[in-house]
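Number of protein chains: 2
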Amino acid sequence: MSAPNRATLWGRVLADELAAGGLEAACIAPGSRSTPLTVAFAEHPEIDVYSHLDERSAAYFALGRARRTGEPTALICTSGTAAANFHPAVIEASQARVPLLVLTADRPPELRDSGANQTIDQVKLYGDAVRWYAELPEPEADERKVRSLRTTAARALSETVGVEPGPVHLNCPFKKPLEPLEVPDAVPESFGETLAGRGRDGPFVETDRGRRTLEADADGLRSLTEALQTAERPLIVAGPADPRDLQELEPDAVVDLAERVGAPILADPLSGLRFGSHVRAREDPLIYGGYDTYVDALEDPDVVLRFGASPTSKPLRHALRDADARQFVVDPAGAWREATFTATDLLAATSASVVEGLLEVLDSGSTAETDTDDAWLEQFAAAERNHWAVHDEARTDDALESEPLEGAVLASVFETAPDPATVFVSNSMPIRDAERFGRPRAADLTVLANRGASGIDGIESTALGAGSATDQDEPLVLVTGDLAFYHDANGLLAVDRCDVDATIVLLDNDGGGIFHKLPIEAFDPPFTDQFKTPHGIEFESLGEAYGLEFERVEPHEFDDAYCESLEREGTQVLSVGFDAERSHRRREELAERVADSVDETRRD
Amino acid sequence: MSAPNRATLWGRVLADELAAGGLEAACIAPGSRSTPLTVAFAEHPEIDVYSHLDERSAAYFALGRARRTGEPTALICTSGTAAANFHPAVIEASQARVPLLVLTADRPPELRDSGANQTIDQVKLYGDAVRWYAELPEPEADERKVRSLRTTAARALSETVGVEPGPVHLNCPFKKPLEPLEVPDAVPESFGETLAGRGRDGPFVETDRGRRTLEADADGLRSLTEALQTAERPLIVAGPADPRDLQELEPDAVVDLAERVGAPILADPLSGLRFGSHVRAREDPLIYGGYDTYVDALEDPDVVLRFGASPTSKPLRHALRDADARQFVVDPAGAWREATFTATDLLAATSASVVEGLLEVLDSGSTAETDTDDAWLEQFAAAERNHWAVHDEARTDDALESEPLEGAVLASVFETAPDPATVFVSNSMPIRDAERFGRPRAADLTVLANRGASGIDGIESTALGAGSATDQDEPLVLVTGDLAFYHDANGLLAVDRCDVDATIVLLDNDGGGIFHKLPIEAFDPPFTDQFKTPHGIEFESLGEAYGLEFERVEPHEFDDAYCESLEREGTQVLSVGFDAERSHRRREELAERVADSVDETRRD
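In the order they appear, the protein sequences are chains A and B. Numbering of the first sequence is given in our numbering, commencing with residue 14 and proceeding in unit increments. Numbering of the second sequence is given in our numbering, commencing with residue 14 and proceeding in unit increments.
These aren't lab readings, by the way, just hints derived from the structure by calculation. All of these numbers come straight from a predicted model, not from anything done at the bench. It cannot be assumed that every hint is accurate.
Which copy? The list can't say, so a pair holds if one copy fits it or any two copies do.
To be verified - Listed below are the simulated PhoX-like cross-link pairs for lysine-lysine, each with C-alpha atoms no more than 25 Å apart in a straight line:
(1) K189 / K137
(2) K530 / K158
(3) K530 / K188
(4) K137 / K530
(5) K188 / K137
(6) K327 / K137
(7) K189 / K327
(8) K327 / K158
(9) K530 / K189
(10) K530 / K327
(11) K158 / K189
(12) K327 / K188
(13) K188 / K158
(14) K158 / K137
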């Protein structure tokens, strides 16, 4: 390795070391101070570079890619507020445990707090939202410094995929020249040979921390097994999954476990368990998806085993809170992610290690026989049948023509999506409708959302970032409300610049439909002006600005338009208009109908 | 004051106290957790509320309004990444010393770090970028707590306009109910009467910190006066002004001072001194605007008096760095904003106090006579004449038709703007062209830019926020490049939602023209893909999405289109296309021509 000057040397060593550690992609926003990084990453043959013009969107794109792959993505910007624009996505990455390596170019130390242009305090800019922060040493052809640089780069990458995966921030001071201009004697020719690396493949320091190491211990597993086996009404709750925890989990093993202990699995749409080849025929589901409407009408569980983050479904969270049950929460990072504070046991272990461990204990025959009440499973099966019967009825063409139903769009999205497909769902109503209308299916659907901090921001970018990581034969579908679509409209530029195809389903109810769910609905003003916020944005023009095809679709024609878009190349926006208030009443009505039918069944 | 529940009580007390302290406007992004704040501010008769759907844009709008008025603007959002979206504008406010009061709603303490939805760590979220951070006590009808709340609100407002004005962050935890729902006994009826306030007008605690108190001391002023009077080549440099420092400064007094000590005033376009009734006829300018092209060709000053932040002009910064001069830097907050480290004296005092103090010392006749060399003033006057002659020549209709000139647009913008007008200029090339093409003029033009951190972000919003604060008869003009226009396109929604009219001049050279100024231009790839980044965005469609009129204008037709737009109601985008590379060469050519003519004049 050689370099015409110190800054270039630093950029090249960093790119080289990160690529050696397995980094495959970087999102870069243009800027001058970051030139040494941009040039080095762009010229590196093993790193794919995605160029973005809005740093906020860049960061969410990187987040989406890392979330889809489970592998770290780098994120590069110049000095100044550019770095602060990364902040929302850094927080989401932290809370959703997505590996992200943030490299912010900075002025050299002597120019900080001096009134120099585009210079802000970037030291620990993201506070506790990053797993690790380090300031790089100033570029210099010094052997110890280069070893330090390689070590820091290797360590940073490793920290993104540590026990609790997440973002890492390296602040990178550079002084001029920033471009690869020759500076005599800045980097002696002989220097490169000695310090290009180890002369072996792979990173400068091999680490064992690249994989999580928390595994359930034998005592904990035995105690849990006994609790599940002696339970009369055991329940498995699979909340939104951490991307790297999910990579190791065998869905078939979870189903196997559920069968042996007689527990239904309530599978959040983001759990990785609602969709996949492990999902059985509808008569004997085991994987349940409709519980949002009926869980509070059923008997309480007495033992709960919970994987993943806090469930999306509020009725489910409340049912767990109100149940007088022993509740085991599994968390691969040992965090206490349980906001009703009714958990009784925390297992700091990967989901896979818990499931495999439980199956081993069961296989060993060293514990009591399973003691489930058959009626327990049967009431879930009956309620689930009722749930889908009510929802199917509301989704017939005739029904939709007379009474449009927002959730029907989500139902179709999951029912009709090709196998495999990646489906990204925005927050607010789409994720809630995905929860209630997304029927479990034996198809390889990767369902993603930004549920770490559940923000309205970065939706298009995160989805397109996820789409950038999938094969050509795996389509990307994004379902978003109009406010989220507006919020990250800048992210649509990635369709062209980063060459990602998508079918974008825009549920347009001209404002914040979710506020109809809240008591503020009754206080107008300020309800309409400050909460619902109808805006009148012309989304067709917005799509045109970024060269997207735009189609207005009636609710009952959605299925056809959706199928057609999935088969077409390019990115289409399918805009389906709804009235938010009517949609809200309709959801309530259907939920009541399911609850009534469950009550009826239970009375029978 | 009464309230149906604790959260409502907190919102009302806050709004009441802040209004009593003089708060006049709040920017609010919709959300649920912030309901108590939103409702209270929206219903307060003395607070104007601006609703925004993208928190990043909301924050820049608030910044723009506060920058234009010099008075604090409040900024309200819900919990989660919403608050992180404020971060870029908070940093700009900090560095540009703009008073901003950020109120972030938060979950109550027991829900933090618990996996609860939309809950992030908001404690000290903006690090050292705020002047003060406080966490509000949890709402409760408790006398001491309410006194504490009023005191904290009064103090927060006062801190935004302290010695160093800037942003303040109050984190506001609320639990349900968030809406004004009646909760029996939550706020006893008798409670409101005793603690509504003091029963007098104004804030709960009157403060003296509301005005800056740093004033130059007599010794410092005498020493400075002597230095200026004994100087042969004294120079006054007025850099970008802090909004509140500028409010107190009398431009006529600065001119008076300059005359008496024989110093030219080099007035940055953002200094508040380049435009105004104090600007004299062109024969004897005293206020100079063309120095960017000629300052390095003139003799060095021997004494420099610098006001404001570091000048926008790089040639001027370098000339100051290279001069063997005594350099007095005046800073109202006593900060050391001088990044070439050649200042010899720092005066921690307001600009007004320094100017008035100097005039007093001069009036007292206690110091020596002024000793300026006439040739010193004459070389500036001659160079300034040459500068504008060269630029005028390049701006004739014929010249523009054969060779378009980006800077000519800026020249027209300032020359033709009505008196008064507010002109907001984006970073990158527009501010640099404003520097070089904005001719001093005896008209009340308020010229603004985001030069605290010089980011590309938030441009439309900051401009529209500034525009929201001006009278109907003062038009708002925004001049922006295409990348900045794209970056904050979401901010255009405020045209309709916040009812601000503007003339938006879009200098569209399809990418980052500024990179042609840098050595990276010679390295392609990656120059085009990663630096210049042509994007092909259809700005006409983007404008349509927000209901704006859009007009494509040829460079030589710009003047007519501009005048017409200024007279029309509504917001027009005037898009003028340029080739970035040609524009760059043209700027270089003109600068060389001025330098040559200055050399010639000096040889004569």
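Right, here's what the structure says about each hint:
1. K189 / K137: within (24 Å within a copy, 33 Å between copies)
2. K530 / K158: Intra 57 Å, inter 32 Å, cutoff 25 Å: neither.
3. K530 / K188: Cα proximity of K530 and K188: across copies only (17 Å, versus 54 Å in one copy).
4. K137 / K530: So K137 and K530 fail the 25 Å test inside a copy (39 Å) and across (32 Å) alike.
5. K188 / K137: within (20 Å within a copy, 30 Å between copies)
6. K327 / K137: neither (35 Å within a copy, 30 Å between copies)
7. K189 / K327: between (54 Å within a copy, 15 Å between copies)
8. K327 / K158: neither (52 Å within a copy, 33 Å between copies)
9. K530 / K189: between (55 Å within a copy, 14 Å between copies)
10. K530 / K327: within (12 Å within a copy, 56 Å between copies)
11. K158 / K189: Result: close within a single copy only, 19 Å intra versus 54 Å inter.
12. K327 / K188: The answer is between: 17 Å across copies meets 25 Å, while 52 Å in one copy does not.
13. K188 / K158: This pair counts as within: shortest intra-copy Cα distance 16 Å, inter-copy 51 Å.
14. K158 / K137: within (21 Å within a copy, 33 Å between copies)
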